[in-house]
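A.B. asks: Sequence:
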Amino acid sequence: MPAKVHPADEAAARIIAQAQRFEIALFQGQGRYARAEAPTLPQAQKVAARLEAEIANGKRAMIYALTPEGRSALVTDATQTAMDQAEMQIYTKKFNARRAAQRAGIPDDRIEVLRTPKGYVWRDTGPKEPAPIAAAPMPSAETEPKPTAPKRKRIDYDKLEAEAHKGQLPEPPDFSAPTHARFRNKLAKLTELAAAGDIDALRAFEINPVSSSPKAMARYRDLCVIALEARAEAAA
Numbered sequence: 055m056p057a058k059v060h061p062a063d064e065a066a067a068r069i070i071a072q073a074q075r076f077e078i079a080l081f082q083g084q085g086r087y088a089r090a091e092a093p094t095l096p097q098a099q100k101v102a103a104r105l106e107a108e109i110a111n112g113k114r115a116m117i118y119a120l121t122p123e124g125r126s127a128l129v130t131d132a133t134q135t136a137m138d139q140a141e142m143q144i145y146t147k148k149f150n151a152r153r154a155a156q157r158a159g160i161p162d163d164r165i166e167v168l169r170t171p172k173g174y175v176w177r178d179t180g181p182k183e184p185a186p187i188a189a190a191p192m193p194s195a196e197t198e199p200k201p202t203a204p205k206r207k208r209i210d211y212d213k214l215e216a217e218a219h220k221g222q223l224p225e226p227p228d229f230s231a232p233t234h235a236r237f238r239n240k241l242a243k244l245t246e247l248a249a250a251g252d253i254d255a256l257r258a259f260e261i262n263p264v265s266s267s268p269k270a271m272a273r274y275r276d277l278c279v280i281a282l283e284a285r286a287e288a289a290a
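Per the numbering used here, the sequence shown starts with residue 55, numbered consecutively.
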């Protein structure tokens with residue numbers, strides 16, 4: 055009997071299965087990365103192997119899966135195992151496929167059951183987009199002085215990723231602005247998981263990066279996973 059797959063890896067495997075494209079990155083040192091893209095996972099794995107052979111610095115290329123909805127997942131040996139086992143889950147009845155999806159924690163409105171030549175399979179369609187909010191009328195330019203936009207500090211993501219590879223956890227993104235208010239609790243949970251070193255829970259933490267706040271959280275989560283994995287490798 056195959057080993058039980060962790061729910062975090064199952065969740066990542068579902069994202070990888072629905073990915074539209076894959077990004078490959080290989081750390082070269084001093085904040086430099088070799089980067090590439092591929093439309094499928096097998097092609098991404100070939101590109102990753104080629105980069106590893108060309109650069110030959112002992113580092114492993116990272117492969118990120120990106121779905122049309124903007125969700126992302128890091129391809130690892132554990133997620134590959136989860137994908138291989140998921141491919142064997144074919145059901146003779148449509149009802150059984152739906153029940154399996156429900157047991158995996160997928161909400162009913164996100165479950166799609168597909169018929170294949172061998173039987174039925176299910177997929178997670180992802181979270182629904184929120185309904186657009188009607189824009190409030192803008193004040194007249196004559197009566198409202200134009201505010202001076204504060205200068206935004208550019209974030210050096212290459213530097214942060216290089217530090218993460220050394221085991222250094224990143225600082226959480228600054229959510230002090232009112233526009234980030236509704237995401238602060240979710241960010242606080244992420245920082246707790248990072249401080250606790252819970253890699254599995256961080257991988258399973260679902261984020262739909264459709265705006266600046268979730269995108270910042272997704273980058274923070276991925277950097278934390280890289281840093282914690284680097285610490286685990288160093289301690290092994």
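The hints are simulated quantities; they were obtained by calculation from the structure and are not laboratory data.
Note that the structure is a prediction, hence the values are computed from the model and not measured.
Mixed in with the good hints there might be a few duds.
Claimed, not checked - Under the rule of at most 25 angstroms between Cα atoms (straight-line distance), these lysine-lysine pairs were calculated in the DSS-like manner: (1) Lys243 / Lys220; (2) Lys172 / Lys148; (3) Lys113 / Lys100; (4) Lys113 / Lys147; (5) Lys147 / Lys100; (6) Lys113 / Lys220; (7) Lys269 / Lys243; (8) Lys220 / Lys269; (9) Lys172 / Lys213; (10) Lys213 / Lys113.
A.B. asks: Output the indices of the hints that this structure fails to meet, ascending.
C.D. replies: 4, 5 and 9
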